[in-house]
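Model the full structure from these sequences, guided by the hints.
So the sequences go chain by chain: A and B.
Counting in my numbering, the final residue of the first sequence is number 219, and the numbers go up one at a time with none missing.
Counting in my numbering, the final residue of the second sequence is number 161, and the numbers go up one at a time with none missing.
Here are a few chain A residues that sit away from chain B, every Cβ distance over 10 Å (derived from the structure):
#  : residue
1  : I20
2  : G21
3  : I34
4  : K37
5  : T41
6  : D44
7  : L74
8  : W102
9  : E104
10 : I204
Calculated pairs, DSS-like style, for lysine-lysine (alpha carbon to alpha carbon, straight line, at most 30 Å):
#  : chain 1 : residue 1 : chain 2 : residue 2
11 : A       : K129      : B       : K15
12 : A       : K142      : A       : K25
13 : A       : K116      : B       : K130
These stretches of chain B come out as covered by chain A in the derived footprint (C-beta under 8 Å, 3 or more residues):
#  : stretch
14 : 109-117
15 : 125-138
Hints listed in this document are in silico derivations from the structure and should not be mistaken for laboratory results.
Ideal Cβ positions, reconstructed from N, Cα and C, are used throughout, including at glycine.
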Amino acid sequence: MKDIIKFFNEIGELRKVIRRGWILIGAKEPATVVDHSFRTAIMVWMLAADKKANLNMERVLKIALIHDICELYAGDMTPYDFHSILPKDPKKWPELFDKWPRFSKSKKIKSFVDKHEKEKESLLKLISSLPAKLKKEIFNLWLDYEKGLTKEGRFVKQVNRVETLLQALEYGRESKKQPYRSWWVGTEELVDDPILLNFIAELAKEFNKK
Amino acid sequence: MDGKTFYITKEKLKELKKEYEELLEFEHKKTTGEEAPKIFESEDLNPEFISFQEDIGFLRARIDEIRSILENYKLIKSPLKEKQCFVNLGAKVKVDIDGQKDEFIIVGTLEANPAIGKISNESPVGKALLGHKVGDIIVISSPVKTIYKIRNIKYEVN
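This is how it looks when you write it as structure tokens:
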């Protein structure tokens, strides 16, 4: 039981890990990994409840809950954090979000592999003291999310992006600043689940009302 | 998933068939009380199967999912030469996006991973590019306007 308490203490620290994208746009009250994971799990539950989704509810919820716990030691990374594209002056960071960052195929693969390895190492450190059964389950669920091994893993990966888009729209509305185009573009290149495409279409209607 | 066609590459088909056979063997051993295959006893963290040890319901759902894919798949192949000027599944497409250069491969949903340049043919961008040729300009405005200009189309699949 001591080991599990240690694990609970550690994941509690995720409430202090601020999501990097919100730092880069200078959000006043930037959401943390806990904020994001909580809403992602709620969204997954509600959206996966549609019978057409035909998903294993327990599995999608577990994936949603653990998908970002690796960020405790690895930190949160955005596509803007790779290949030195961030200007030194933080005042210029929000402008970057007008465009989705584009890289060559080799650079994309390198940043994907580097991020994956860093997060895997962090996750293994975090779960190292858990009983073998739990350790294996968490690692398996995370790999499913990372690699899209099952329809459950692929669904949560897409909800993760949609939650981020929703948060970006909320920040845009609160700050009355740019709508941060990049999140729309990134979402349209990733999401292909029919339920989530409908959800995004509704979000777009809300967005156009402004 | 009923009635849906899954577009997959030869590599993905091989991978799915292997997983399917291993899961069937595992399910058989589990239900007959035989010893699990060695792969499941390993202390190594096996990525794809380890959680099935405790969850027979999910194991069966995964077997059904793969069976459905294997019954409803189409292999992604290069189109005939005269049709290779159009974007289709398997195409490697070079584009200008609002002045920035990028490159995508159009794949089916099972293999999509935009982080490494693989875009699903069912995503808004993948769908919009299909059927277009070099020089075409595609405008996606849902709700922000993004302009994709096709610079090059190439097929490398067998």
